[in-house]
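2 protein chains.
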Amino acid sequence: MNARVALICGGGAFPIVAARAAQRRGEEVFLLGLRGIAGAEIERFPHIWIGVGQLGRAFDEIFSRGVKRVCFIGGLKRPEFADLRLDWGGARRIPEILKLLRGGDDHALKGVIELFERQGLTVVGVDSFAPDLLAARGDMGRQKFPSDLAEDLDLAKKFLADLSAYDCGQAVVVSGRRIIAVEAAEGTDAMLARVAELRANGRWRAKGRAGFLVKAPKRGQDLRVDLPAIGPETIAGAEKALLRGVAVAAGGVLMLDREGLAAQADRVGLFLHGFESST
Amino acid sequence: MNARVALICGGGAFPIVAARAAQRRGEEVFLLGLRGIAGAEIERFPHIWIGVGQLGRAFDEIFSRGVKRVCFIGGLKRPEFADLRLDWGGARRIPEILKLLRGGDDHALKGVIELFERQGLTVVGVDSFAPDLLAARGDMGRQKFPSDLAEDLDLAKKFLADLSAYDCGQAVVVSGRRIIAVEAAEGTDAMLARVAELRANGRWRAKGRAGFLVKAPKRGQDLRVDLPAIGPETIAGAEKALLRGVAVAAGGVLMLDREGLAAQADRVGLFLHGFESST
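Chains as they are written, first to last, in our numbering: chain F, 1 to 279; chain P, 1001 to 1279.
Source of the hints: derived by calculation from the structure; they are not laboratory data.
Computed from a predicted model, the values in this text were never measured in an experiment.
Backbone N, C-alpha and C define an ideal beta-carbon position, used for all residues, glycine too.
One or more of the hints may lead you astray.
Okay, the calculated beta carbon distance ranges per label pair [what the hints assert, rightly or not]:
(1) P:Ser1128 x F:Arg219: 36 to 46 Å
(2) F:Arg219 x P:Gly1011: 34 to 44 Å
(3) F:Gly260 x P:Asp1139: 53 to 63 Å
(4) F:Glu259 x P:Gly1269: 50 to 60 Å
(5) F:Arg44 x P:Glu1197: 28 to 38 Å
(6) F:Glu197 x P:Ser1128: 33 to 43 Å
(7) P:Asp1139 x F:Arg219: 36 to 46 Å
Dumping the calculated BS3-like pairs for lysine-lysine here, alpha-carbon to alpha-carbon at most 25 Å [claimed, not checked]:
(8) P:Lys1110 x F:Lys158
(9) P:Lys1110 x F:Lys110
(10) P:Lys1144 x P:Lys1158
(11) F:Lys158 x P:Lys1207
(12) F:Lys158 x F:Lys110
(13) F:Lys240 x F:Lys144
(14) F:Lys110 x F:Lys144
(15) P:Lys1144 x P:Lys1207
(16) P:Lys1158 x P:Lys1110
Isolated chain F (complex conformation) (with noise of 0.2 Å):
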């Protein structure tokens, strides 16, 4: 095929995963590491490394070797403005980065699609080249997804829906119809540590396992850039706060390894369900 897409890689694992699956499916991989944010691996493909503030050497390298594919992948710490090394490219575009770093993560990233699209490049989503690093439709491990569970899950899902407009965060933990946390900046591992907390002082209380991490992609959530995602430490978590189980939306939330986490939640009685995404 030899088809060529550029990775723009941040933080964590998943930029490695996704080149490799891509190169499997015959694709010809450019690696872009986010200076300071992607990990060293990306080294063992061809890459270079640029800084946030650097879209003009970015579109030079990704126009140079004629590629017309560009994807978004691994997480992303919101730039200071100080830390945004700007070259000339970048420059030219001071307001344009000015107004990404203002409102939340969608505004910001909706933006900087727009500023590739705006050269002619196409910005396409991992599932375009990697599926399986989606979350699947239904039980992805042995357990069900309890049915007595099925109101406090439409619950979530509309409120996870209805904050979305505030561009704020995409994960709850519900119990016997009641929001027990609710991620904004903190991010999903602190939010479980938090839900562990409340367990163990007694301001959440309940008898056993109880309750659920819900976690979905913002409703309207460009699903080429930022899709929330779940690893290891997130099954972890909510073993460690004893909920009874993840569900995530199918299709918007990526799993470094979905067979991986399954086995994982498996291991330590955990269902992993994969829902309907509304949206």
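Assemble the complex: chain F is given as a structure, and chain P must be docked to it using the hints.
Showing chain P alone in chain F's frame:
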């Protein structure tokens, strides 16, 4: 006046301050302390102790004293069913009580008000005899509410109003058109501690003081029960989280000692603002 009001007392100092305020207005007070929740200080007033499930006894004691007005005041921990030592009055109402324990706090409290009013009692808010316990309108300390935060305040008010359908939190931290933290079961103090952590660990990066706490009752909340409250620990928590101030819904948030809190905010350089509530 000798008008007689019964205070059903939860935890914290509010019941005591409210009882004193009522006495100053010439009202005869009768306190019913919730066992395991209310503080021993209620014994300074005419009082009895009751279990959360002892509705029968509460009604008997209230009626035998010819009291017609009841006020709920103080923090309520969500009771576990096993903790409710039901008496006969309570036992007859088990189905109603079971209903109260499901769903969010609003649901439970509306049910409790209904139970009392069905007995011919009038449930009143603390504003009817101690209006100084509620947040005032405008700047309560020396610092003016910064005009550059008006947009963030609107965002937070709208966010909290939308969230109220879910009956979870009543407070957020907002900064630069972004929701930094959302309160659910952990409470405001724990949320502020989390924000301090987010600043310390760099997940929320800002220079100097940034953002502020916004706290309001739920949209359509019955102001006769379980009003949100702030106290010295709220101001101290906001200071530690490097916030710029605290904004509360005027007339909708309890303040134990308004002048004391304003003086504390002045000392640490925070604004303390009562905003016009849209509800």
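Hints versus structure:
1. P:Ser1128 x F:Arg219: 36 to 46 Å: Given a distance of about 42 Å, which is inside 36 to 46 Å, the answer is holds.
2. F:Arg219 x P:Gly1011: 34 to 44 Å: holds (39 Å)
3. F:Gly260 x P:Asp1139: 53 to 63 Å: holds (55 Å)
4. F:Glu259 x P:Gly1269: 50 to 60 Å: holds (54 Å)
5. F:Arg44 x P:Glu1197: 28 to 38 Å: Roughly 35 Å apart at Cβ, these two residues keep to the hinted range, so it holds.
6. F:Glu197 x P:Ser1128: 33 to 43 Å: The hint (33 to 43 Å, Cβ to Cβ) holds, given that F:Glu197 and P:Ser1128 are roughly 38 Å apart.
7. P:Asp1139 x F:Arg219: 36 to 46 Å: Given range 36 to 46 Å: holds, Cβ gap about 37 Å.
8. P:Lys1110 x F:Lys158: holds (23 Å)
9. P:Lys1110 x F:Lys110: Measuring from Cα to Cα gives roughly 43 Å; hence the hint is violated.
10. P:Lys1144 x P:Lys1158: holds (22 Å)
11. F:Lys158 x P:Lys1207: Outside the cut-off at roughly 35 Å; violated.
12. F:Lys158 x F:Lys110: Roughly 23 Å separates the two Cα atoms, so the pair holds.
13. F:Lys240 x F:Lys144: Cα-Cα ~20 Å, so holds.
14. F:Lys110 x F:Lys144: Violated. F:Lys110 to F:Lys144 sits at ~36 Å, over the 25 Å cutoff.
15. P:Lys1144 x P:Lys1207: Satisfied, since the Cα-Cα distance of roughly 20 Å is no more than 25 Å.
16. P:Lys1158 x P:Lys1110: Distance ~23 Å between P:Lys1158 and P:Lys1110 Cα, so the pair holds.
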